[in-house]
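Trainee: One line per chain: the protein sequences are A and B, in this order. Counting from 1, one number per residue, gives the positions in the first sequence under the UniProt record's numbering. Counting from 1, one number per residue, gives the positions in the second sequence under the UniProt record's numbering.
Please note: incorrect hints may appear among the correct ones.
[Said to hold, decoys possible] Just a few of them, taken from the derived set where beta-carbon distance is under 10 angstroms, the chain B residues facing chain A:
| id | residue |
| --- | --- |
| 1 | 26 |
| 2 | 42 |
| 3 | 57 |
| 4 | 132 |
| 5 | 154 |
| 6 | 172 |
| 7 | 199 |
| 8 | 201 |
| 9 | 247 |
| 10 | 272 |
| 11 | 282 |
| 12 | 304 |
| 13 | 359 |
| 14 | 401 |
| 15 | 406 |
| 16 | 410 |
[Unchecked claim] Listed next, the in silico DSS-like pairs over lysine-lysine satisfying Cα-Cα at most 27 angstroms (straight line):
| id | chain 1 | residue 1 | chain 2 | residue 2 |
| --- | --- | --- | --- | --- |
| 17 | B | 467 | A | 310 |
| 18 | A | 310 | B | 351 |
| 19 | B | 351 | B | 410 |
[As the list claims (entries may be wrong)] To give an idea of the chain B side of the interface with chain A (calculated C-beta under 8 angstroms), a few residues:
| id | residue |
| --- | --- |
| 20 | 31 |
| 21 | 121 |
| 22 | 279 |
Calculated from the structure, these hints are not laboratory results. Glycine included, C-beta positions come from ideal geometry on N, C-alpha and C.
These are the residues of each chain, in order.
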Amino acid sequence: MNTEQKQEKLLFAERPEWSDVDPIPQYETSTPIAPILYTPQYKDATDYFRAIVKSGERSERVLQLTEELIRLNPAHYTAWQYRYETLLALSSSLQTELELMNELAIKYLKTYQVWHHRRLLITLLRTPQPELQFIETCLRVDSKNYHTWSYRQWLLSHFVDDDDLWRGELEFIENVIGDDVRNNSAWHHRYFVVFGCGVRSGSEDRARIVRRELIFTKQNISLAPNNPSAWNYLRGILDYNRLPYSLCTRFVKPYTLPLDPNTVDIVDLENPPPSRGAELPCVYAIEFLADIHEKAGDKDNILKGVDLWKSLANEHDTIRKKYWEHRIREALQSAT
Amino acid sequence: MHAQPTLQKNLHLQFLARNMMQGFPARYLSQDASQPWLLFWALQSFSALQVGLDPDNRQRSISKIMSWQHSNGGFAGGPGQSPHLLPTYAAVCALAIVGRPGPGGGWDEVDRQKLYDFFMSLKEPDGSFRVAEHMEVDVRGIYCLLVTASLLNIMTPELVEGTATFLASCQTYEGGFSSASHPFYSIETDRVLRSPRPNLGEAHGGYTFCALASWIILQNYLNLDPGTIHPSDSSSRKTPAEEQWSNELTTERPRIDIKRLTRWLVNMQGSEIELGGFRGRTNKLVDGCYSWWCGGSFALLESLGIGGLQNLTAKDVEIDEVVDADQPPDNSGREQHEGWDDIDESLFDRKALQEYILLAGQHPAGGLRDKPPKNADLYHTLYCLSGLSAAQHHIYSSHTRKAETLAEWKDEDSPNNALQKAVFADLVSWVEEEGTSRVIGPSNSNRLNATHPLTNLTITHTEAILKYFYGQDIPPRPFIKTGASKK
Ligand SMILES: [Zn+2]
Chain A
1 MNTEQKQEKL LFAERPEWSD VDPIPQYETS TPIAPILYTP QYKDATDYFR AIVKSGERSE
61 RVLQLTEELI RLNPAHYTAW QYRYETLLAL SSSLQTELEL MNELAIKYLK TYQVWHHRRL
121 LITLLRTPQP ELQFIETCLR VDSKNYHTWS YRQWLLSHFV DDDDLWRGEL EFIENVIGDD
181 VRNNSAWHHR YFVVFGCGVR SGSEDRARIV RRELIFTKQN ISLAPNNPSA WNYLRGILDY
241 NRLPYSLCTR FVKPYTLPLD PNTVDIVDLE NPPPSRGAEL PCVYAIEFLA DIHEKAGDKD
301 NILKGVDLWK SLANEHDTIR KKYWEHRIRE ALQSAT
Chain B
1 MHAQPTLQKN LHLQFLARNM MQGFPARYLS QDASQPWLLF WALQSFSALQ VGLDPDNRQR
61 SISKIMSWQH SNGGFAGGPG QSPHLLPTYA AVCALAIVGR PGPGGGWDEV DRQKLYDFFM
121 SLKEPDGSFR VAEHMEVDVR GIYCLLVTAS LLNIMTPELV EGTATFLASC QTYEGGFSSA
181 SHPFYSIETD RVLRSPRPNL GEAHGGYTFC ALASWIILQN YLNLDPGTIH PSDSSSRKTP
241 AEEQWSNELT TERPRIDIKR LTRWLVNMQG SEIELGGFRG RTNKLVDGCY SWWCGGSFAL
301 LESLGIGGLQ NLTAKDVEID EVVDADQPPD NSGREQHEGW DDIDESLFDR KALQEYILLA
361 GQHPAGGLRD KPPKNADLYH TLYCLSGLSA AQHHIYSSHT RKAETLAEWK DEDSPNNALQ
421 KAVFADLVSW VEEEGTSRVI GPSNSNRLNA THPLTNLTIT HTEAILKYFY GQDIPPRPFI
481 KTGASKK
């Protein structure tokens, strides 16, 4: 153990280089209500932190103090704030700081502050490229972490003109969806990449993009029909491009019926059939088909939609009975 | 099947009292920067359970809350920490529960001018707000800011211009809302482009509640007469912000897709095998706290015209609320005479949600939780209780009550009069129609107080603080039940 590590075990109150600071205990009334029962180590670190905030000191030892405090409580946003300002005031190496963050982010994956601090650093460093690899490492630990995904989306938005950064993104997200087709964070990211950020050069041919996305999504539905992430994405493609759902009528229909045991394997990219062993009928397919009927608008179609909604309300999706009845009411009202 | 599922009120009260009186064990250290939240969760849980604090503990709570107010305005996560939007909401709501006007009561000690300045200092050009200096932008912060500004009567058009446009940009293709969106700026004018404004993160229950509640509060701004905000009088030069948002109320009015939002919300409710609890994102597991974030959103949707027929059929209004646990309300004969479905116009399964909370959400040792076998904590205790309350009571924004409130408004000599009036009447408008509460299990012991869909305080606490800070009269409620509160 070197001296530095040994010293970290000491309280700040015991460290000679902090003897010039008068610690400030947290304000408490004599009989506080709902106090947190702090450990001596945490109480010591925060007592010294309050003293530093009061004096406004910006120094190397402040970086040490805030780091130790953050390790005790990574959600201490004031420590992060003060640390950031101190880094700037001292013109400290932000690269070194980023390396520290590589360790802390993995440790405290669910904390807002580690991710936001990283944004602040990358905004100044302007080195987005290595971040992609780092994010992938984090996603291996937690593949649906909200902060990790929104950080990746921030990175790609903030450096939207960086073609090198964006080059492999579609392939990346294809792989993540391939690993777990029910990972909704990944589907959302695909939407972000393909539609959310506007049109990138090389993808101006929107008809081609839409066709590609429809095929990709239908293939994934065919492999795992009862996956709301894929159905939501299918709706997303059509809505964003203002295309009618009826474009998918032929594709959707087999999913609304019980599985046909006589189905033969056919390769139809536009309309891939349900895979063998699929659990059918699929609620999301019935809903989709009902939406197609509702949109058609004539009485005959509305009644067909109503029948589908009734089957959802009474048989296939009873927890949402109230909602399906609401859809029926709305459709019948607008038809009259 | 199970016996009647019972809400273990006494166990939960003991859990809360243990935390309040003995303090929080060291594992709560991670919440040291969320101290106002711990107190708010505990106090509001007591309120939902129809229990108030005794005067001594109230006073101690007030002192504690005021120790979080920062000298530059706003409230911090603890004494000596920086002001932040989230603890500001928690502190102000806690003050609504335990505070009062006059010396030592907390209400008059809130520095509202500095709070307003603090809010303005956090505003970004795209209409969003940082949660604290240098910190992140997200819709939780906006919700916290808007509720606080509404309760304390410090809302101005200047504060909120652009914010509704920002919120609308956070709706995702799935229908729910993300944490934030990313702005792109025009090189020529330096203004935020209307598109693209990509979502940062997928649709999420917590962000969706915050965005939707904020959206509803902001309707009061969006519905103002545009002429009163940006006078077309060309002699007064517009600031860049006014320039950017001058058409927000007219040609560039922000919109959200309510139909898609409704679809997403109903799909967050888990099926029977998941006991009817709510999840927070597509394809994730159900979790007790989304009982409120998602379950509580339906009352908000209703005020946008989705589901619910109360405004067409409203009779006398009643708030089913007591402040004294020793005197349960007289419910005799209320539940039995009509079938559940005759009255229930909700779009989600209220019965199944109650069952999830009662069967999976309660920890055997007291307190509520995400799901078995997790521990109870204060956060899940409040949001399970709030969700249970939302599933028991059908609270809606009454057009009649809003109209009454508007009619009684005494004009202020202030350029913000129109907005203040609209916000006030909107918050006061929420009522429960007689006979529409539905309580699973033994109704006397399982019944919770109703909570206000926008603030998540009781209606009584919401109205008391509004009445004080607006200095306006509130139309009486025919059947409100109150009592001395002691714990
Ligand atoms: Zn939870």
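Trainee: Does residue 359/B hold up as a contact with chain A if the rule is Cβ-Cβ below 10 angstroms?
Mentor: Nearest chain A Cβ about 15 angstroms off; hint violated.
Trainee: Hint residue 132/B vs chain A: min CB-CB distance below 10 angstroms?
Mentor: holds, 6 angstroms
Trainee: Does the nearest C-beta of chain A fall within a distance shorter than 8 angstroms of the C-beta of residue 31/B?
Mentor: holds, 7 angstroms
Trainee: Is the interface hint satisfied for residue 154/B? The criterion is a beta-carbon contact with chain A at less than 10 angstroms.
Mentor: violated, 23 angstroms
Trainee: Tell me if the interface restraint on residue 272/B is satisfied: Cβ within less than 10 angstroms of some Cβ in chain A.
Mentor: Cβ of residue 272/B sits 6 angstroms from chain A, so the hint holds.
Trainee: Using Cβ atoms only, decide whether residue 247/B comes closer than 10 angstroms to chain A, and label the hint accordingly.
Mentor: At 22 angstroms from the nearest chain A Cβ, residue 247/B fails the 10 angstroms test, so the hint is violated.
Trainee: Mind checking the CB of residue 401/B against every CB in chain A and telling me if the closest is under 10 angstroms?
Mentor: violated, 25 angstroms
Trainee: So, as I understand it, the hint says residue 279/B touches chain A; can you test that by seeing if any CB pair is closer than 8 angstroms?
Mentor: violated, 10 angstroms
Trainee: Per the CB criterion, is residue 199/B less than 10 angstroms away from chain A?
Mentor: Constraint on residue 199/B satisfied, holds at 6 angstroms.
Trainee: May I ask you to test the interface hint for residue 57/B with respect to chain A, counting a Cβ-Cβ separation under 10 angstroms as satisfied?
Mentor: holds, 6 angstroms
Trainee: Holds or violated: is the Cβ of residue 172/B closer than 10 angstroms to a Cβ in chain A?
Mentor: This interface hint holds because 7 angstroms falls under the 10 angstroms limit.
Trainee: Quick one, are residue 467/B and residue 310/A close enough, alpha carbons at most 27 angstroms?
Mentor: violated, 47 angstroms
Violated hints, in rising order: 5, 9, 12, 13, 14, 15, 16, 17, 19, 21 and 22; the structure is consistent with all others.
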